[in-house]
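Hey, can you work out the whole structure from these sequences and the hints?
If you're matching them up, the sequences are chains A and B in order.
Residues 1 to 326, numbered by the numbering used here, are exactly what the first sequence covers, in order.
Residues 1 to 414, numbered by the numbering used here, are exactly what the second sequence covers, in order.
For the record, the hints were derived by calculation from the structure and aren't laboratory data.
The model shown is predicted, which means the values in this text are computed figures rather than measured ones.
Do not rely on the hints blindly, as some may be mistaken.
Across the chosen pairs, the derived CB separations fall in these ranges [claimed, not checked]:
(1) B:LYS124 to A:GLU318: 21 to 31 Å
(2) A:ALA128 to B:ALA141: 28 to 38 Å
(3) A:TYR189 to B:MET1: 57 to 67 Å
(4) A:GLU318 to B:GLU319: 49 to 59 Å
(5) A:CYS63 to B:GLU82: 39 to 49 Å
(6) A:PRO192 to B:THR70: 37 to 47 Å
(7) B:LEU11 to A:ALA248: 17 to 27 Å
(8) A:ALA248 to B:GLY137: 54 to 64 Å
(9) B:MET1 to A:GLU318: 29 to 39 Å
(10) B:ASP32 to A:ILE5: 55 to 65 Å
We put the beta carbon where it would ideally sit given N, CA and C, even for glycine.
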Amino acid sequence: MTERIISCSDALAEALAEEMERDETIFILGEDITAHDGIFGQFKGLYKRFPEKIIDSPISETCIIGAGVGAALTGMRPLVDMHFADFFTTAMDEIANQAAKIRYMFGGQAKIPLVIWAPDGGGLSAAAQHSQSLESWFIHTPGLKVVVPSEPADVKGLIKTSIRDDDPVIFFQHKRLFSQNGPVPEGEYFIPLGKGDIKREGNDITLITYSRMVYLSLEAADQLAKEGIDVEVIDLRTLKPFDFDLIAESVKKTFHALIVHEACLTGGFGAEIAARIGEELFDYLDAPVVRVGAKDTPIPFSPVLEKFVLPQINDIVEGVKKVLNS
Amino acid sequence: MIELKIPKLGLTMEDAKLLSWQCRSGDEVKKDQTIFIIETDKVTFEVTAPTDGIIHPVAKTGETYDVDQTVGYLAENREEYESLLKNYPADMPTHERIDETKEEVVTKREETPPGPAESEKRIKASPLARSMASSHGLNLAEIKGTGPGGRIIREDILGTLKGKEAVGEQEEILPKAVDKDFLGKEPLETIPITGIRRVIYDNMYMSLSQTAQLTLHTEAKGEAFVDFRDRLNKRLVKEEIKFSYNVILVKIVATALRMHPKINASIEGDEIKIWQQIHIGVAMESEDALVVPVIRNPDLKSLNEINRELNELIIKTRENKLLPDDLANGTFTISNLGFADVDFFTPILRPPESAILGVGRIVRKPGIKNGHVIPEAMIGLSLTFDHRIIDGAPGARFLKTVKDMIEAPVLMIV
Chain A
1 MTERIISCSD ALAEALAEEM ERDETIFILG EDITAHDGIF GQFKGLYKRF
51 PEKIIDSPIS ETCIIGAGVG AALTGMRPLV DMHFADFFTT AMDEIANQAA
101 KIRYMFGGQA KIPLVIWAPD GGGLSAAAQH SQSLESWFIH TPGLKVVVPS
151 EPADVKGLIK TSIRDDDPVI FFQHKRLFSQ NGPVPEGEYF IPLGKGDIKR
201 EGNDITLITY SRMVYLSLEA ADQLAKEGID VEVIDLRTLK PFDFDLIAES
251 VKKTFHALIV HEACLTGGFG AEIAARIGEE LFDYLDAPVV RVGAKDTPIP
301 FSPVLEKFVL PQINDIVEGV KKVLNS
Chain B
1 MIELKIPKLG LTMEDAKLLS WQCRSGDEVK KDQTIFIIET DKVTFEVTAP
51 TDGIIHPVAK TGETYDVDQT VGYLAENREE YESLLKNYPA DMPTHERIDE
101 TKEEVVTKRE ETPPGPAESE KRIKASPLAR SMASSHGLNL AEIKGTGPGG
151 RIIREDILGT LKGKEAVGEQ EEILPKAVDK DFLGKEPLET IPITGIRRVI
201 YDNMYMSLSQ TAQLTLHTEA KGEAFVDFRD RLNKRLVKEE IKFSYNVILV
251 KIVATALRMH PKINASIEGD EIKIWQQIHI GVAMESEDAL VVPVIRNPDL
301 KSLNEINREL NELIIKTREN KLLPDDLANG TFTISNLGFA DVDFFTPILR
351 PPESAILGVG RIVRKPGIKN GHVIPEAMIG LSLTFDHRII DGAPGARFLK
401 TVKDMIEAPV LMIV
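This is the structure:
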């Protein structure tokens with residue numbers, strides 16, 4: 001299969017176009033998406049191609065998600081745009097109490113093939129209400145699936161799988177990664193939910209991460225390689241379900257594990273991974289599992305402070321060394 | 001799914017101690033591969049996998065389990081294994097092996113009591129290092145940790161293993177380079193008294209402290225005995241097993257016991273039990289300890305039968321495959337130290353048996369015949385018996401009968 005280099009935004013738009021071409025029940029609902037192709041240009045060209053399928057909504061997340069849930073119940077496959085993941089708060093009942101639960105409360109007679117698309121993450125000096133990483137809220141709500149891709153190729157393969165999934169999927173894309181370029185295969189392909197990917201092979205330590213932290217981790221790994229430390233970087237790609245088998249295989253090889261995520265440390269998904277490693281891979285550990293995450297504070301507006309709060313490459317390097325004690 | 005149970009190794013066996021697991025949960029094992037080791041009060045026994053599969057041990061080592069009690073499972077495939085994991089959680093860390101138990105013993109022995117608080121005694125080691133140490137039989141107490149806070153990590157175990165390899169076998173046997181003027185003493189090796197050694201330890205002490213042992217010595221002329229064996233062996237066709245002196249001794253002793261039934265006895269409570277059956281144990285050296293497998297009713301068997309059975313027991317001993325039934329219910333023991341040029345000794349009774357015959361080497365000594373000194377093959381005999389129930393005279397008479405039969409094996413058929 002040949003590949004070309006395109007951005008995460010282009011990969012998303014391409015995937016959506018392919019899916020909308022194929023299935024007329026797919027439509028996109030969100031704020032200001034007809035005039036601007038989405039706030040980050042992520043729906044570029046779609047309005048021109050599918051004018052009836054791109055629908056502007058009122059400025060109300062309650063309405064957007066509520067409409068999405070309703071449409072999904074009636075047989076459509078909506079993708080709703082959250083604009084910023086931070087706005088989930090005003091639509092939490094629609095997500096956590098409706099979308100996540102309807103299939104179960106109706107004994108499987110109803111399904112919600114809804115994708116909630118949400119740009120998350122910091123690093124843009126967008127302050128506390130526009131910079132959060134909220135994946136843990138949804139992981140902790142049974143009934144939802146959670147996707148957190150990093151590479152353009154993964155964005156394309158995973159959004160297509162998510163759209164075809166009959167359950168609600170929260171699809172996060174990091175705001176700093178829209179312009180991130182990468183090779184994307186030509187032609188149709190799918191990436192199953194719950195399959196991680198080894199972005200860099202190594203023998204000394206397993207670094208488990210996802211979303212933007214994949215790139216920072218890869219850079220940290222490059223730095224560490226100069227010191228003779230061979231880091232294996234696992235990109236989980238989806239958090240619910242998540243690929244524990246891949247982690248296990250790697251830890252059984254390296255005997256050390258570090259988890260890196262941008263979300264704040266306390267109660268973050270890293271805690272879940274660390275717990276599973278402790279429970280299931282105890283005999284393979286040569287050192288305690290360490291986590292690197294944001295400090296437990298609202299993300300500051302000040303670029304200097306924001307950098308201080310969010311994990312940086314150096315924090316990851318230090319994290320690796322803490323595990324390896326070198 | 002196959003349940004792995006404590007096997008019944010013989011009629012007399014009721015339970016066994018699970019000494020160690022030879023594999024970890026999730027390991028793929030092959031048919032006939034040793035998967036765990038058990039110990040009864042008489043033997044240790046390696047239990048093998050009944051078929052290929054994925055193993056899931058659940059029972060803790062160091063504990064005693066009844067015969068037929070399930071100690072683990074063997075799954076056909078991964079899927080089944082996963083469900084086993086869920087349905088039958090292990091009662092133990094999967095890496096636990098006997099080595100760790102030994103380790104504790106050793107550690108405790110080497111520390112001067114009263115030691116520091118319990119928490120300080122704990123050796124810091126990563127889970128991986130612990131599991132590696134246990135599977136390589138390393139003592140964590142002897143390894144220096146280089147991890148944070150002195151934690152023993154994988155590196156340290158690898159270093160220790162490398163060191164051991166480098167040192168090689170010769171060094172292992174020779175004492176470490178010792179300072180000539182060193183006044184203290186250091187153990188070259190510390191061996192915990194467990195398993196079969198513990199059984200021997202307790203039994204020997206119990207024997208000498210709770211019975212009244214008397215040993216009588218005599219010498220038998222050996223020419224006829226040697227000649228008897230030579231004739232038997234000459235008659236053999238190639239495939240048959242040669243007769244050893246022990247085979248003939250078993251038969252002689254059994255015949256003598258028939259004539260002196262009160263020697264074939266035990267004390268049970270306030271009573272003396274004279275046994276109807278004669279079961280004669282022959283002391284043998286197994287890999288690491290003394291074992292005494294038993295020939296059943298040799299008084300009723302031909303020399304050929306005794307020869308075959310004794311040979312089977314020798315092979316089982318050598319291969320460490322003796323079962324509890326092979327060792328149970330002896331009524332008399334023969335211990336032969338002739339191979340080591342011993343003439344006489346004072347064998348120790350094996351209660352509840354009341355007598356044991358020690359046999360020395362066959363050696364030519366000056367004898368007197370018709371007023372002339374001539375060389376004569378002699379065999380030293382030492383009979384120890386429990387003087388509480390066997391008086392000196394009957395004991396001596398029994399020994400005389402044995403001596404007479406050795407000197408004239410033809411008496412066996414009288």
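| CB of MET1 (chain B) to CB of GLU318 (chain A), is that within 29 to 39 Å? | 47 Å, violated
| Is 17 to 27 Å a correct range for the gap between the Cβ atoms of LEU11 (chain B) and ALA248 (chain A)? | 46 Å, violated
| field | 55 to 65 Å as the expected CB spacing between ILE5 (chain A) and ASP32 (chain B), which holds or is violated | value | 57 Å, holds
| said: For the hint 39 to 49 Å, verify it against the beta carbon of CYS63 (chain A) and that of GLU82 (chain B). | reply: 44 Å, holds
| How does the Cβ-Cβ distance of ALA128 (chain A) and ALA141 (chain B) compare with 28 to 38 Å: does it lie in that range? | 53 Å, violated
| request: Using the Cβ atoms, figure out if ALA248 (chain A) sits within 54 to 64 Å of GLY137 (chain B). | output: With Cβ atoms ~27 Å apart, the hint is violated.
| request: Evaluate the given range 57 to 67 Å for the C-beta pair formed by TYR189 (chain A) and MET1 (chain B). | output: At roughly 39 Å between Cβ atoms, MET1 (chain B) and TYR189 (chain A) fall outside 57 to 67 Å, so the hint is violated.
| request: Given the range 49 to 59 Å, decide if the beta-carbon distance of GLU318 (chain A) to GLU319 (chain B) lies inside it. | output: For GLU318 (chain A) and GLU319 (chain B) the Cβ distance comes to about 57 Å; the hint holds.
| Is the hinted range of 21 to 31 Å satisfied by the C-beta distance from LYS124 (chain B) to GLU318 (chain A)? | Given range 21 to 31 Å: holds, Cβ gap about 23 Å.
| Satisfaction of the hinted span 37 to 47 Å by the C-beta atoms belonging to PRO192 (chain A) and THR70 (chain B) | Since PRO192 (chain A) and THR70 (chain B) have Cβ atoms about 38 Å apart, the given range 37 to 47 Å holds.
In the structure shown, a violation is registered for the earlier hints numbered 2, 3, 7, 8 and 9, in ascending order.
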